[in-house]
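Novice: Sequences are here, hints too, so could you generate the full structure?
Chains as they are written, first to last, in my numbering: chain C, 107 to 469; chain W, 107 to 469; chain X, 107 to 469; chain H, 107 to 469.
By construction, these hints were calculated from the structure, which means they are not laboratory data. Note that beta-carbon positions come from the ideal geometry of N, C-alpha and C, so glycine has one too. It is possible that part of the hints are untrue.
[Claimed, not checked] Straight-line distance between alpha carbons at most 30 Å, and here's what the computed DSSO-like set of lysine-lysine pairs gives:
1) X:Lys267 - H:Lys269
2) H:Lys376 - X:Lys205
3) H:Lys205 - X:Lys376
4) H:Lys205 - H:Lys423
[Stated by the list, open to error] Under 10 Å between C-beta atoms, here's a sample of chain W residues computed to sit facing chain X:
5) Leu129
6) Asp134
7) Glu172
4 protein chains.
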Amino acid sequence: MSGNSTGNMFRVTTFGSSHGMALGAVIDGCPAGLDLTRMDIQGELDRRRPGTSNITTSRGETDQVEVLSGIFQGKTDGTPIAAVVYNQDADPSAYEALKNKPRPGHGDYTWTAKYGVYDYRGGGRGSGRTTIGHVIGGAVAKKLLKHLNIKVVSHVTQIGKIKANHVAYSHVEEYSSENLVRCADPQAAVKMEEAILEAKAKGDSLGGIVETIAFQVPAGLGEPVFGKLDADLAQALMGIGSVKGVEVGFGFELAQSTASATNDEYYLEKDQIKTTTNTSGGIVGGISNGMPIVVRMAVKPTPSISLAQKTVDLERKEEVEIKIEGRHDPCICPRITTVAESAVAMLLADHLLRTGLVNPCHL
Amino acid sequence: MSGNSTGNMFRVTTFGSSHGMALGAVIDGCPAGLDLTRMDIQGELDRRRPGTSNITTSRGETDQVEVLSGIFQGKTDGTPIAAVVYNQDADPSAYEALKNKPRPGHGDYTWTAKYGVYDYRGGGRGSGRTTIGHVIGGAVAKKLLKHLNIKVVSHVTQIGKIKANHVAYSHVEEYSSENLVRCADPQAAVKMEEAILEAKAKGDSLGGIVETIAFQVPAGLGEPVFGKLDADLAQALMGIGSVKGVEVGFGFELAQSTASATNDEYYLEKDQIKTTTNTSGGIVGGISNGMPIVVRMAVKPTPSISLAQKTVDLERKEEVEIKIEGRHDPCICPRITTVAESAVAMLLADHLLRTGLVNPCHL
Amino acid sequence: MSGNSTGNMFRVTTFGSSHGMALGAVIDGCPAGLDLTRMDIQGELDRRRPGTSNITTSRGETDQVEVLSGIFQGKTDGTPIAAVVYNQDADPSAYEALKNKPRPGHGDYTWTAKYGVYDYRGGGRGSGRTTIGHVIGGAVAKKLLKHLNIKVVSHVTQIGKIKANHVAYSHVEEYSSENLVRCADPQAAVKMEEAILEAKAKGDSLGGIVETIAFQVPAGLGEPVFGKLDADLAQALMGIGSVKGVEVGFGFELAQSTASATNDEYYLEKDQIKTTTNTSGGIVGGISNGMPIVVRMAVKPTPSISLAQKTVDLERKEEVEIKIEGRHDPCICPRITTVAESAVAMLLADHLLRTGLVNPCHL
Amino acid sequence: MSGNSTGNMFRVTTFGSSHGMALGAVIDGCPAGLDLTRMDIQGELDRRRPGTSNITTSRGETDQVEVLSGIFQGKTDGTPIAAVVYNQDADPSAYEALKNKPRPGHGDYTWTAKYGVYDYRGGGRGSGRTTIGHVIGGAVAKKLLKHLNIKVVSHVTQIGKIKANHVAYSHVEEYSSENLVRCADPQAAVKMEEAILEAKAKGDSLGGIVETIAFQVPAGLGEPVFGKLDADLAQALMGIGSVKGVEVGFGFELAQSTASATNDEYYLEKDQIKTTTNTSGGIVGGISNGMPIVVRMAVKPTPSISLAQKTVDLERKEEVEIKIEGRHDPCICPRITTVAESAVAMLLADHLLRTGLVNPCHL
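Specialist: This is the structure we're talking about:
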């Protein structure tokens, strides 16, 4: 019910807004005994940090995290881990002109319809900065997953009309870290960067596709009927701002296929049961089967653009035109990769605890 | 946590399996004072019932529902509504040969990995018959939505490689009810039926795409960060067996678009704020905006096929070949439309209650 | 939120009413692999069954349970266990006279205030018959606890002004099963029975105290801040109809004590840490310490009495006098013992799963 | 599940420990549009603050709160309210001697048994300082309740063997605020203070009873079976550290009564239905009836005392004797009154939202 928490046993509650005092998260349910330092969290925040290149927003935040609780003598102690990032470069001036004029594609109007009030400064809590909370939670989750040898990696497979060629999963992390757009196909990466800069120059923006892979996830995660692992993954990823589609394994391609062509057949590798193909993306009947988990999400173009757009002045009840002058990413895909990893990592941590594959009290 | 319940305030718990004694659902949280009869539920069950044509499984179940509680003098009384359907035509004989030999594309292996045991008769609780519970819950939810003038309609837009032409939303319900495949485009419907029969003749099966539209949903549904309405819809639909992809509004198409081309601009229609386009599928910033809600799901081909498939005998630890002889749908899309409607209806009922747009105690 | 479910991982949802078609429960979260038969549940239902002596209500129900799902080849299979008891001896005639005239001490008025409607026949879902659901859930929980050698026992320690002498915990189960009032002190039991019959003869009723002891509960159950084991026990017991007070260990006596007199000091018994006294009732800092868990609940006198009482006719808006002619227990304590055991057993099962002391998927 | 959160719709998550960097809370679900300032929270924190007299601990904390999010232009905006109190006077030196030697009556041993690790400095998160989180949540809840004219008041009715005389409810708040022990009976207050100082001088401590009254609570709060209002109150109060008993209305006294003597009869006051007595404490059938809600909790003597106590060295596995030298309250009752009010206020806010008596989105 609480719309700012996620997870059942590994439960993360986030707070804060784009132009308020601070953003942060409280992680409840991390088992005691996990090595954890401030730098584990800072490292992940640095990966999503803005202002680091000409294809991201120019807002200059260092996003330094302070850990308020939950670590005792270098390890988690079973109590909630609270962490805070104070806003440093908040500049609401650009947003005064947009007050009461909901930006197309943003939540301004729907938040106002729901709450009667809206912190219009930079989208308030609807801002992408809210994902700082996701990343804090994800950083702790990743540390827990690492303990079990599970790794979560995200990369960009499409930006606008530029599609990356398939790259072997084992190289995705390395190759995608070598360019600004986080695409594992270096040729496509160059074109993607060009496309982003071109859109930026026009005052426009681009969408794209991000793929997330989870390696070494054991079989058995996921509840069979209403908490299927793929259903929960869909919720986790569709819950990231700007995501409008999610598919698992071969996803929408399966719609035009036959079972004889796409059923994943089983074989034995030593004593282990594996599948010859992985059209299912590692999840069958809602439960993980031990193969890599593969999910993709469709990211819409950043709705904030400086081109003129039509909207309505909610106070004066008249149609108006706006141009959005704030600082924005012309394509959110590169930075959203870290958020996708965080969302998947939190979810896997939760399911591992629910399934008893990790002791909920201590490692 | 409980993997057999969905919803927070309109909470539905389902039980039962393909070849056990019965299946059913308990609905907790329906406000008192709603007119409800056994026939409201039976009518929806009849729409998903098997054995009604040559493109569905031949299992002959009448799926008669018995309501055990929750209705007093023709109206709900605020107490849980329990409803049961007894299995009549269970025939587990075809499944003995498949014991310990997980069927590709089915949950047999993953359930066994998770629980150590698996009711292999017809897929046990992993069977499509489990959606009887969804439909019971959905029937009550629909009755509640009707009270608010909200309608949920599903139709098939693609089967295998046959794609339907777009049909005006206002005609979808009527047109799609006029053919067995539940496709609103009558020409495509003919081809889809042929394609299904062709696949059936080969012992194969087909996937497809089902679109669900919710009309007259008020603005304001959805939690802003972790309970976004589109995220919850993605979970609800991806949680239906065989679904491997979900998209909202223009979905994956947005990935290759620009904001200038796809942002939904606002205008005034009398006093109401509307959008000129609906690429967002009625949900912006995770919250409904009053436009029709549009979601599509990718359905994989029914994994049960009579063609030979490779698998592993879990007991003997050896690779074997199986042919599945049970009764199955060569394409699950037509029947799954009712389940999709049910899943969306339950979710909307839950969010309406959470948002205070329906009084949780009584109408 | 769902007011008819309890537990997080061992989750029990109950349904049904006194004079409706049936009552029952769905248990979700019981691990697979537990030996379970219909008789395990029937045996517990028989212990709370009415109509078995002259100190209980004369309503003649055999309370035969039917198990609809969740057991496969004699064991739980990880899917929900649904069980139903059909009402046989429902006779609503006595209640017509009470329609719209809320009985003092009963929920008639408050239910009407909340839901606008009330199934007045025998208290509807507010009836003590609702505890059939508790006992079904408790029966499964007890079977799970037995697997871990944990036992839950309840006995009556006071009825009206008659107080039982203390009996060694090891004898409580045996001694209390030897009389109708379920009191472990045989002399007190005789007086209690007399007191009940005397109250019954006057058309009045009596309250009392029931103590529940859980043996062999391991240390470590309970969440430290908001899910303390004693807090959850208090909720579970106070949630049983007619209970108006709960205390753990020495409870209210501690209010008038000093720490020097009542702190439980630690000592070593072989390698195990124990306490010399058990004023804490086995729970310190909200977490079990391995000593027997001891809780007591105050049960108010059955509010249904045949003596004249003042109330208000809700329809006519006038003050009236009523006499309640239905069939009732003159003291609910003896039968409520089974319900208390059930409530505690369900809670312990839930906490054992949450703490990882039982594998949530399979035994 | 998350043991550091409470509430469903008005959900409060707390964090922090006695000697860590900070303590705080995140409140999720407070409707938008509520006037709220930092001082609303600070005022309540000041009421529970230590170091303010010779009957409280001498730890000198000013407990200044910082609000990080959730307030926009002087009102809540529907986003989570995060608030932090930094520890200033943490002095862990006194606790080094107690490391590995669990203090009788404290959670040291049970936390260690559960988590394998324990922040022994001042009890870590098991400390009474954790209730700073309760009070932050309670402060916001009280502000919301005030909007509905609901008031929650706590006072001390017993300390050790000194019992206060009954004082008319309408005077309780005023009278109890006039003395250090927060007892509404001034004569008893004097004796209570003496008794506390006497215990303190001996190095001992005292327990007591705190009563909480909620005025103007509307009828209809509480779920009928598993979320009864009295059950949830019992959980909320028993969940406060040191509480070992809870009773509602006449509580344990009802155990020795007859229904004819204690059933609350109904009468009409103008158009309103009231009860002539209030033995039920304002809750019947688990649902509020519009009368004042009255609950009492038994508080055990502060377990930290300087007298010698026996315990076990967990590392050396030997029996030892300890004296506790830290700074402690010789009786926690006076300060716990604010915590009790907070716990009840949070719970009522949650139930008001669940019942639809407050709009969950905005006022």
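Novice: So, for every hint listed, does it hold in this structure?
Specialist: Right, here's what the structure says about each hint:
1. The suggested pairing of Lys267 (chain X) with Lys269 (chain H) holds, with an alpha-carbon distance near 23 Å, which does not exceed 30 Å.
2. Between Lys376 (chain H) and Lys205 (chain X), the direct Cα distance comes to roughly 22 Å. Compliance with the 30 Å bound is thereby established for this hinted pair.
3. Note on Lys205 (chain H) and Lys376 (chain X): the hinted pairing holds, with a Cα-Cα distance of about 22 Å set against a maximum of 30 Å.
4. Distance hint between Lys205 (chain H) and Lys423 (chain H) is fulfilled; the C-alpha atoms sit about 13 Å from each other, no more than 30 Å.
5. Annotation: interface hint on Leu129 (chain W) holds; nearest CB of chain X at approximately 7 Å, less than 10 Å.
6. For Asp134 (chain W), the shortest C-beta to C-beta distance to chain X is roughly 4 Å, which falls under 10 Å, so the interface hint holds.
7. With a cut of 10 Å, the hint placing Glu172 (chain W) at the interface with chain X holds, because the nearest CB-to-CB distance is about 8 Å.
Hint violations for this structure: none, all hints satisfied.
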